[in-house]
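*Asks:* As a plain string of letters, each chain reads:
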Amino acid sequence: MISLSKDTIKIKSEQDMVLFRQRLREYAQKIGMSVVNQTKLITASSELARNILAYAGEGKATIEVVSERLQTGIKVIFEDSGPGIADVNKAMQDGFSTGKSLGLGLPGAKRLVNFFDVQSKVGHGTTVTIIRWKR
Amino acid sequence: MDRIPILKMGAFLLVTIQVDMYDRLALNLENDLVQMVQKHESKGVLIDISAVSIVDSFMGRIIGNIATMSKILDAETVVVGMQPAVAITLVELGLPLTGVHTALNVEKGMALLHVKIREANSDIDEQGADWENNDQLE
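So the protein lines, in turn, are chains D and B.
Per the working numbering, the very first residue in the first sequence carries number 1471; after that it's consecutive.
Per the working numbering, the very first residue in the second sequence carries number 5; after that it's consecutive.
Next up, chain B with everything else stripped away, as it sits in the complex (with noise of 0.2 Å):
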């Protein structure tokens, strides 16, 4: 298997990791999802990683990367199900995942991620109506 599936649900992509990741598939999930944020104008991306047991520091700069890339393609990352000891783990190690939202399960993230459309939207309705009221006082 050389891919992980990556389901659209709405405006939302959701990947849920469900086997030991080693680089290759590490590789072309991030390119797969930058790609699909693209196609399908995507507005958030949900991360379920309970069934991992290992995040390396590769493995955490892959979460990263795929963050980063969503977030100029304007679309939120959320990393839900991290297990404690992955948590305890990556913070000894010195990784520090930045950028990345997370949430304790994929109820909490699906529920953040709105949260943060909704946030998006709003400034954008906000500008509009000053933009609005501008044309007025001309």
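Chain D with its partners taken away, still in its complex shape (with noise of 0.2 Å):
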């Protein structure tokens, strides 16, 4: 997989994750990604962004556009420091929240893109990085 460009924004606060999202988009645009990936890329990151805002506090995320064979995507990497995810699998699940939420966020995202992987660490944090293909 070949990086293309790369953005990296702070996640610290609401108003962060308008700009964040905003950018997202402008990187989609300018990849040509049809406009309901668009959505989909963005509803997945905005749940994402929230998590980190929730459980973490803060964190970061990392705006890439990749490009692997003949498919050109945007990939975004979510870190954090929090407190980690102790049940990865369980936090899968609909429904599941620890939270005071849906419980949609994780899985929800997962399924809005094509590529999602999370590795997470108690006491050391959570990374999550999803893939949305152009087409």
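Since the hints were made in silico from the structure, they are not lab data.
It cannot be assumed that every hint is accurate.
Stated by the list, open to error - With a Cα cut of at most 25 Å, we get these calculated SDA-like pairs of lysine to any residue:
# : chain 1 : residue 1 : chain 2 : residue 2
1 : D       : K1482     : D       : F1586
2 : D       : K1604     : B       : V95
3 : D       : K1580     : B       : D27
4 : D       : K1545     : B       : Y26
5 : D       : K1560     : B       : E96
6 : D       : K1482     : B       : I66
If you're wondering where the values come from, they're calculated on a predicted model, not measured in any experiment.
Assemble the dimeric complex from its two separately framed chains, guided by the hints.
*Replies:* In structure tokens:
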């Protein structure tokens, strides 16, 4: 996989999320992603950025334009050094939440993207990586 | 800007969301709308989201909350103008939006609200008529 360009945004407040979503849309538009796929990518990213604010307080998101074989897409990496997820399998189930949300964040986001990976270590933090191809 | 304007039109309240929502804004809207329903004894709330490009689970929950709270205060909620991409995304995300009426655009949404109010009124009239009949029987 070739990385074409990269941008990191700090996620510390609600306003950062607005900026992050705008930046993500710019990237998606630049590679000519369809509106439906843009919406899926940004909605999934919004869920994951919200998780950072809700569970870790702060973190960062890295937006990358990636290319593999004949496909172009956007990869976003969400990193925080929060409490981590004790049971990733459980967190991936619909309706499971340790917070006061609907528990749609992780499983919902997974359904909206082409690639989804969670790495988490209790006490050290969580890294979620997603990729949405252009089409 | 920390508030989304709410317009009163007869028995209805109209809201057009023109900006990207952040959490504080959504929570303020929820609060303001419920207050306004009570203050103006509104019968319907119409929310136009045609300019909204993203509805994530938080925003979806706020919309659901507004509908549920309004219902308790005897007002119907109609969400109009949802973009196709948003509808597709909501379904895949798994958000049901229960209790929320939807219509394609503002015009159809207003018509739907009128129908809902008429239905509610005719129910009351029928009950009233029953009571009157009972009185006569006694």
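*Asks:* Against this structure, judge whether each hint is valid.
*Replies:* Okay, the hints, checked on the actual structure:
1. Our distance criterion of 25 Å between C-alpha atoms is met by K1482 of chain D and F1586 of chain D, whose separation comes to about 23 Å.
2. With a C-alpha separation of about 20 Å, the suggested pairing of K1604 of chain D with V95 of chain B holds against the 25 Å cut-off.
3. As the CA atoms of K1580 of chain D and D27 of chain B are separated by approximately 22 Å, the hinted pair is consistent with the 25 Å bound.
4. For the given pair, K1545 of chain D sits about 23 Å from Y26 of chain B by alpha-carbon distance, which is consistent with the 25 Å threshold.
5. Taking the CA atoms of K1560 of chain D and E96 of chain B, the gap is near 20 Å; set against the 25 Å cutoff, the hint holds.
6. Proposed proximity of K1482 of chain D and I66 of chain B is supported: the alpha carbons are some 22 Å apart, at most 25 Å.
Hint violations for this structure: none, all hints satisfied.
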